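There are 2 protein chains.
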Amino acid sequence: MKRIAIDMDEVIADFIPKHLALFNRDYNENITVEDLKGKKLRELRPQLKEEIMNYLTEPTYFRDLAVMKDSQEVIKELSEHYEIFITTAAMEFPTSFTAKYEWLKEHFSFLNDMNFVFCGDKSIINADYLIDDNVRHFKRFSGQGILFTSPHNINETGYVRVNNWQKVRNYFLK
Amino acid sequence: MKRIAIDMDEVIADFIPKHLALFNRDYNENITVEDLKGKKLRELRPQLKEEIMNYLTEPTYFRDLAVMKDSQEVIKELSEHYEIFITTAAMEFPTSFTAKYEWLKEHFSFLNDMNFVFCGDKSIINADYLIDDNVRHFKRFSGQGILFTSPHNINETGYVRVNNWQKVRNYFLK
Numbered sequence: 001m002k003r004i005a006i007d008m009d010e011v012i013a014d015f016i017p018k019h020l021a022l023f024n025r026d027y028n029e030n031i032t033v034e035d036l037k038g039k040k041l042r043e044l045r046p047q048l049k050e051e052i053m054n055y056l057t058e059p060t061y062f063r064d065l066a067v068m069k070d071s072q073e074v075i076k077e078l079s080e081h082y083e084i085f086i087t088t089a090a091m092e093f094p095t096s097f098t099a100k101y102e103w104l105k106e107h108f109s110f111l112n113d114m115n116f117v118f119c120g121d122k123s124i125i126n127a128d129y130l131i132d133d134n135v136r137h138f139k140r141f142s143g144q145g146i147l148f149t150s151p152h153n154i155n156e157t158g159y160v161r162v163n164n165w166q167k168v169r170n171y172f173l174k
Numbered sequence: 175m176k177r178i179a180i181d182m183d184e185v186i187a188d189f190i191p192k193h194l195a196l197f198n199r200d201y202n203e204n205i206t207v208e209d210l211k212g213k214k215l216r217e218l219r220p221q222l223k224e225e226i227m228n229y230l231t232e233p234t235y236f237r238d239l240a241v242m243k244d245s246q247e248v249i250k251e252l253s254e255h256y257e258i259f260i261t262t263a264a265m266e267f268p269t270s271f272t273a274k275y276e277w278l279k280e281h282f283s284f285l286n287d288m289n290f291v292f293c294g295d296k297s298i299i300n301a302d303y304l305i306d307d308n309v310r311h312f313k314r315f316s317g318q319g320i321l322f323t324s325p326h327n328i329n330e331t332g333y334v335r336v337n338n339w340q341k342v343r344n345y346f347l348k
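Read top to bottom, the protein sequences are chains A and B. Just so we're aligned, residue 1 is where the first sequence starts under the numbering used here, counting upward by one. Just so we're aligned, residue 175 is where the second sequence starts under the numbering used here, counting upward by one.
Derived by calculation from the structure, the hints in this document are not laboratory data. Certain hints may be false.
[Unchecked claim] Facing chain A, according to a computed beta carbon distance under 8 Å, are these residues of chain B, among others:
1) TYR201
2) ASP287
3) MET288
4) ASN289
5) VAL291
6) PHE292
7) ALA301
8) SER316
Just so it is clear, the structure is predicted and the values come from calculations on it, not from any experiment. Ideal placement from N, C-alpha and C gives every residue a C-beta, glycine not left out.
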C-alpha cells in the first residue's frame, strides 16, 4: 500500500481566514486573500512580522481553524487505498502541539493517531507522496511532492500542483 | 551525510528509575531494575497496568528524567559526522509533547529543533539508522535498526545491539 503524507496548515486546516481576521481587527486593516497572492502576510507587512507570527504562538490558535473543503471526505476515501500520515511542521510553533493534536482527533477521528507526525524538517518523512503548500519541504523529500495551492504559492512552477481536494481525489483515484 | 534517528525514552532519557520509584512508593513495593529483565513493569504487574500507564499521562512526567550516561557527549560527537534526528513515539502520550520538547531543548540544546520528530508509527522515519529500545519499530523501518539495551529487551535476538552510549560511539566512529 503506497503512503501519502499530508500537511495540515493551508492543506487540511484553513489557516488564512483566521489569521487575516485577527490581523485586520488589531491593525485596522482590510487585507484580503487576494492581497496575499504570491506572498505571505509577513511579507506583505514586513514591519509587523513579529506581531504577525506572535498570533501563532498562542497555544489555542490552531484549535478552532476551519477544515478545508472536501478534505475529510477525500482523505477518508484515500485511506481505503493508501496509508495516510498527517505530517505537520509543528516544531516551528511548539506551543501548538496540543491544539493540533486535539484538532486532528476532532476532525480526522477516522485516522489512527499513530499516523500523526509533528516535525520540523520534512526530509525525515518516508512516504511516496507529500501534499504540502510549502515548496521548501519538497527539496529533500525522497518521494513525489504535490503542491497544494495556497495564495502564497501561486507563482511557484515546476511542481505537480493540485488546486483543491477534488483535484487531489482525481490525482490519486481517477 | 548519513542520518541517524534516535529514540528518547530508555535511550537518551532515563525512563525506568523514576517510573520504578513512583510505583514502589505508591504500591509499597521494592521492584528493582533486575526484576524488569525481559519484561516491562506493566507485564510484571499486569493487574496494575492502567495505574502504571497513568503515571505517563501526567503532563510533566517526562520533564525531569535524567539524561542517559554519555548520550550528550556521544551525540554531540556523532553530529559532526552524521545528521541527527530525535524521533520519539510521543503520540502514545499526547500530554507529554511540551515536556518532551522542553527536555530536549534543555539537554540537547546543540541539536536543531527542526530535527525533533514526535510520531507514533516509526515506519514514517526516513533515516539510515534508528537507535531504539523497542524492536517493534524496526519491523517496517527501511534503514538499519540498532537495539539499545534496556532491561525489557535483553532477550531479543537477531538485532544489532548496543549496550550503552560508548558502544554507540564505537559502532559509528570506530
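To see whether the hints hold, each was checked on the structure:
1. TYR201: Result: violated, 30 Å to nearest chain A Cβ.
2. ASP287: Check passed: Cβ of B/ASP287 comes within 5 Å of chain A, closer than 8 Å.
3. MET288: holds, 3 Å
4. ASN289: holds, 6 Å
5. VAL291: holds, 5 Å
6. PHE292: holds, 4 Å
7. ALA301: holds, 7 Å
8. SER316: Hint on B/SER316: holds, closest Cβ of chain A at ~6 Å, below 8 Å.
Of the numbered hints stated above, the single one contradicted by the structure is hint 1.
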